[in-house]
Each structure stands twice: as structure tokens, then as C-alpha cells.
Amino acid sequence: MVFSLAIAGIFISNYVVVQFLGICPFLGLSKKVDSALGMGVAVTFVMVLASLITYPIYTYIMLPNGIEYLEIIVFIFVIASLVQILEMVIRKMSPSLYKAMGVYLPLITTNCAILGVAEINLTYELVTGVFSAALNGLFSGIGFTLAIVILAGLREKIDKLPTPKHMRGFPISMITAGIMAMAFYVFTFITM
Amino acid sequence: MKKILTPSVKCVLTLVIIAVVCVAALAILNDLLYVPPDFSAFSNAYEAEYDQVEVADVALTSGKVLLAVEGSDSQGKQLVGLYIESAGYGKAKAFTVIIVLEKDTGIILGSYIKEQGSSAAPYDYDESKLAVLNGTNVADIVPKDPEMVVTGATHSSYAVMNAFVTAQEYYQAVYGE
Amino acid sequence: MKVKELALDGIVRQNPALKLVLGTCSILALSNEAINGLGMGAAVTFVLICSNLVISILRNIIPDKVRIPAFILIIATFVTVVKMLLYYLGSKSAAIMGIYNAMGVFLPLIVVNCIILARAESFASHNTIGLSVMDGLFMGIGYTVALTLLGAVREILGNGSIFGVALWNFKIAFFTTPAGAFMTYGMFIALFTFVYDRIVRKQKLGGAKILKPKTTEV
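Residue numbers (the numbering used here), protein chains in the order written: chain E, 5 to 196; chain X, 4 to 180; chain R, 9 to 226.
Honestly, the hints are just simulated from the structure, not real lab data. Here a beta-carbon is modelled for each residue, glycine too, at the ideal position from N, C-alpha and C. Some clues are possibly wrong.
[Stated by the list, open to error] Pairwise CB distance ranges (calculated): (1) 168(R) with 187(E): 24 to 34 Å; (2) 183(E) with 46(X): 43 to 53 Å; (3) 132(E) with 24(X): 31 to 41 Å.
[What the hints assert, rightly or not] Straight-line distance between alpha carbons at most 25 Å, and here's what the computed DMTMM-like set of lysine to aspartate or glutamate pairs gives: (4) 67(X) with 34(X); (5) 27(R) with 160(E); (6) 100(R) with 34(X); (7) 13(X) with 205(R); (8) 36(E) with 160(E); (9) 179(R) with 17(R); (10) 80(X) with 50(X); (11) 67(X) with 91(E); (12) 117(X) with 60(X); (13) 169(E) with 205(R); (14) 164(E) with 205(R); (15) 100(R) with 107(X); (16) 100(R) with 54(X); (17) 96(E) with 38(E); (18) 13(X) with 129(R); (19) 100(R) with 105(X); (20) 106(X) with 172(X); (21) 117(X) with 50(X); (22) 80(X) with 105(X); (23) 67(X) with 105(X); (24) 100(R) with 72(E); (25) 67(X) with 129(E); (26) 169(E) with 17(R); (27) 117(X) with 54(X); (28) 13(X) with 91(E); (29) 27(R) with 163(E); (30) 117(X) with 129(E); (31) 164(E) with 72(E); (32) 73(R) with 91(E).
Only chain E is shown next, with the shape it has when bound in the complex:
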């Protein structure tokens, strides 16, 4: 089960290049491999925590009481609070890390991937409890990190090449992402 979650999360249903989640940081931040890796690790961390908190709240508190229509509000509140706490903790514990990552942290709140994994956990057939939800968060985050780091590596090289004026920035990143998507598309043929 762990293996299925891992392969599905990282490759078959890769959040960035297959499910289109977490594109904004993917495009905006992936110019350098270090910042990409840092963002990926932070996002993975928040994804695991978010899964751990939102899944039980929805399954054990909201569903039995028939208030599942408040799901969106509750989830985004949980995620925003998590990111806020994370920011405070990092600032206290490691000021240097905070300086390096400071700008990106608030952006994690609006990252589609985090709310995405919280929502997907509710209907995903491989998620059957809090533990598998957290695992799904972990592996989806790893997949996200993988995609964003690869793209950063590619873009570092591409930025040194002459690019037609109108292709610079977003278009060329999109096309590179497309090629990556083609590579990952192969994984969707794996049935387990």
C-alpha cells in the first residue's frame, strides 16, 4: 500500500506535470536549484502536516455533524494557520533559513498543491485513514519537489541560451514543463 501510494504520488499522478497542481511556484521559483529544493521541502512538510490535520477534522468531526459544506473554509484556515506557525518557528529557530526562504513561505498558503492534496485525500481510493493520508501528502510532496527541482535544473541551463524575445520567461518554461510532462506521461500507463 505504501508502495502504491509512493509510485502513484511521485510518478503516475505527479502533482505538477500530471495533475497541474502547484504550478505557480513551479514557474516562478524554479530558476535556481537550491531555492527550488528549499521550496519543495517546505511544501512537502506543509503537505504532510495539512493532511494529518485536515483528514481527521473532515472525517471525524465534520462528516458526522453534517457540516461538510464548510470544508473549503476550514481547510484553507488550517493551511493558512499552519504556514503562519511554520513561519514563526523558522524565524525563531533559524534566522538564516528564514532570510533565505522568507519570501516564499506566505506563498505556500496559495499553493494549489497543499489544498489540492487535502481535498484529494478525501476521495482518493488509496487513502483509507489518517496514516495513508499523511503518506499521500509525503509522496505527493516528494513528487512536487522532484518536478520543481528538475525544472530548475533545466531552466538554469536554458537561461544561458539565446531565446526568441517573446518566448522568454513563461513560454519557454511552459514548453520545458511540457517536455517533462511527456516524460512523466509514460508512467500513466502503469497499472497496479
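Starting from the known structure of chain E, fit chains X and R onto it as the hints suggest.
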């Protein structure tokens, strides 16, 4: 009074008030836009009046029971309706099958495939084959008996069969003796 | 007069999908068919108008320190409203249910769609109610037009149909895949920038000043 309304209190108060208003509005809207669950699917399998019942937590090997209903037909026969998502088989993904059983005996009264799972080849199940099952006791369904729902698309028919096996297990666990 | 400015901003000069490139997740996911693009665009426009409206009304009441949480709360409420509305309408109409199912997880994800928060933060919190509603409307229209066009292109090339109506049998499956989404969207942005720059340049050399580029960032 002014002393209490410090900036921080104002901040928290504003947020709380907005939250309360939003939640109240959503609660009202939720009741207004309520969509009652659709039981016409069961009537397609076997004509009767149905009411939703809670899906019991049963360990099932070949699928999931998404919705369970009980009802009675015009002759007063007690019925159990199951909305089953079968585990796929091979190339065929999950099939959604509606099966209606007689509550006391477990005899299949009607069934049909609501949604066929995606598979490699287009698959048209044979409705008459499913109709043949009516009158058989669900306990007598033999898992993976290819004669049962055969159309030539083996994976798909096995996937449909998984639904019947699910019905068998669920019925035995919840209504059996 | 101001309305025309806002309209040009929303649809052309600061088109959220093609110039600002915000809310990309939804664009990539919902551009596989024209009708999906239209549906998602309509939903986003609805949320944009409503949240801009409410935030503009409350703009002098919400303390500055908690404005982002307050905005998110309001936006989340309207996204929930859209979700409920679509599901309700979907139970009455199969076409709408089709759109609802196609949107899937991206419907609740509208709440983190950068466009809405960006407009709330940069426009609705400083402007009158009427202007904010207009801004929401035109930004939404710009987004919808871009998304529907993208969806139309991908649908025509990838499925040989438009809005579900089959046109011919020539299909290039590539355009229905994620890779096709990325590439088509990338080319769209490049094309848009190219045409936009051309028009701006033409104006600088004389001619009607329709697309005067904004020098002050909103």
C-alpha cells in the same frame, strides 16, 4: 469601552464576525440548495419505493457498497438495493452496478450496470445475460464463473462479477443468518 | 470612461491568464475542452465579482493587519457558494454536471487562485464598490475568453470537436495530454505577447492610442 477595543481585539473581532456571517450564510444556502439523493437508479433495476439506509462497515474483497437502500414493492416484498462500485479486473476499471435483492432470501430481483468502467475495448454488456440472474440466490453466485455475464470481453465481465460477489458478501454479512 | 479603461485592462492589457499569468493550475487543467474553459471561467468570474464587491464594501472596516485572512475567508465563502450552486444546477442539467465533474478538485481550488486574491488586494481594497465590481467582471471576462480560446484550440486539434460538437475525424491526441496543455498554453502566451508588443509598437509610431500601456502598476 474604548480601552477594550485595542487594535488587536478589533482585528480578532472583525475576523470572528466575518467568519460567523459567512458560516451562517453558507448554512442557510446549504439547506436551500439541498439535493436529495437520487433513487431512480434503483427503480430502473426493480420498480419499488426506496429509502436510504446506512451502509454497514463490512470487509469486502471485490468492491465497495456506495449506497444502500431498503424498500418494499407493490406486493409488500421487502427489498434491499445496493449501489456497488466493483473492483476492476485487469484492463477493466471499476464498474458501477445496481443490484436489488429480496431482503429475506437474498434472491436477485434485478440488476443493471449504471456505469461501465474504462477499459481497452468498447464494451456492450448483454442485458439479457444479467436478466437471467434474476431469481438466483445471490449466495449461489460463484465468483469468476465466466458463464455468468459473458460478452466476450473477459476482463469486463469479471469486473461485473466482482460487483455480484460484493453484493453476496455484503448481504451475507448484514442480512444473512 | 473609467469603465473602458477597466475593460481594456481586464481583457487585454492585464489579462490574468495571458499577461499576468496567474491561476495557471486551473488554466492548464480546464483547457482540454472549450466548454470546460467556459464553465471554469464563469465560476471564477462569479467569485471575482462577489468577492470584489464584498471586500470593497468592507474595505474601510477590515483592519490592515488581518486583511489577508479576511479576504481569504470571504473568497472561500463565495467559492463554497459556487460549488453548492453548480452541484444543485448539475442535478437539474447533465451539461452542468459534466462541467462540475470536469472541474473536480479545481473547483475548491478557486479559493487559492492567485487572480482573485491579487485583485482583492490590489484593487477592491482601495476602490469604490462600482469600480471593484467592474474590475472583477472584466478580469473575469479576460480570463474566461483566454481559457475558452485555449480550450477551443486544444479541443479542435485534439478531439476534432468544438463545444462537444464533432467537426471532423482528424485528432492529434497530443493536445489532450498534460504535455499538450503546457505547450499550447506556452505558445498562447508567446503569441499574445508578440501581438500585444506589435500593437504597442505601432502606436508609439503614431496611430490610435487604444492600447496605451499602463505605466502605473495597479
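Inset, instruction - Mind checking the alpha carbons of residue 117(X) and residue 54(X) for me, to see if they're no more than 25 Å apart? - result: holds, 19 Å
Inset, instruction - Measure nothing beyond the straight line between the CA atoms of residue 100(R) and residue 54(X); if it is 25 Å or shorter, mark the hint as holding. - result: holds, 21 Å
Legend entry - residue 24(X) and residue 132(E) - C-beta distance against the hinted 31 to 41 Å: With a Cβ separation near 37 Å, residue 132(E) and residue 24(X) satisfy 31 to 41 Å, so the hint holds.
Inset, instruction - Starting from residue 169(E), check that the Cα of residue 17(R) is at most 25 Å away, please. - result: holds, 23 Å
Inset, instruction - Using the Cβ atoms, figure out if residue 183(E) sits within 43 to 53 Å of residue 46(X). - result: Holds, at about 51 Å.
Legend entry - Satisfaction of hint between residue 172(X) and residue 106(X), Cα-Cα up to 25 Å: Holds: residue 106(X) and residue 172(X) sit about 14 Å apart, inside 25 Å.
Legend entry - residue 27(R) paired with residue 163(E) [C-alpha distance capped at 25 Å]: It holds: about 20 Å lies between the C-alpha atoms, which stays within 25 Å.
Legend entry - 25 Å Cα cutoff - pair residue 27(R), residue 160(E): Holds: residue 27(R) and residue 160(E) sit about 23 Å apart, inside 25 Å.
Legend entry - Restraint check for residue 67(X) with residue 91(E), where alpha carbons must lie at most 25 Å apart: Given pair residue 67(X), residue 91(E) is violated - Cα atoms ~42 Å apart, limit 25 Å.
Legend entry - Pairwise hint evaluation, residue 105(X) against residue 100(R), where the allowed Cα distance is 25 Å at most: The hint is violated at about 32 Å.
Legend entry - Given hint residue 205(R) paired with residue 164(E) - CA-CA distance at most 25 Å: Holds, at roughly 24 Å.
Inset, instruction - Quickly compare the C-alpha distance for residue 117(X) and residue 60(X) to 25 Å and report which way the hint goes. - result: Given that 25 Å is the threshold and the Cα spacing comes to 23 Å, the pair holds.
Hints 4, 7, 9, 11, 15, 19 and 31 from the list above are not met by this structure, while the remaining hints are.
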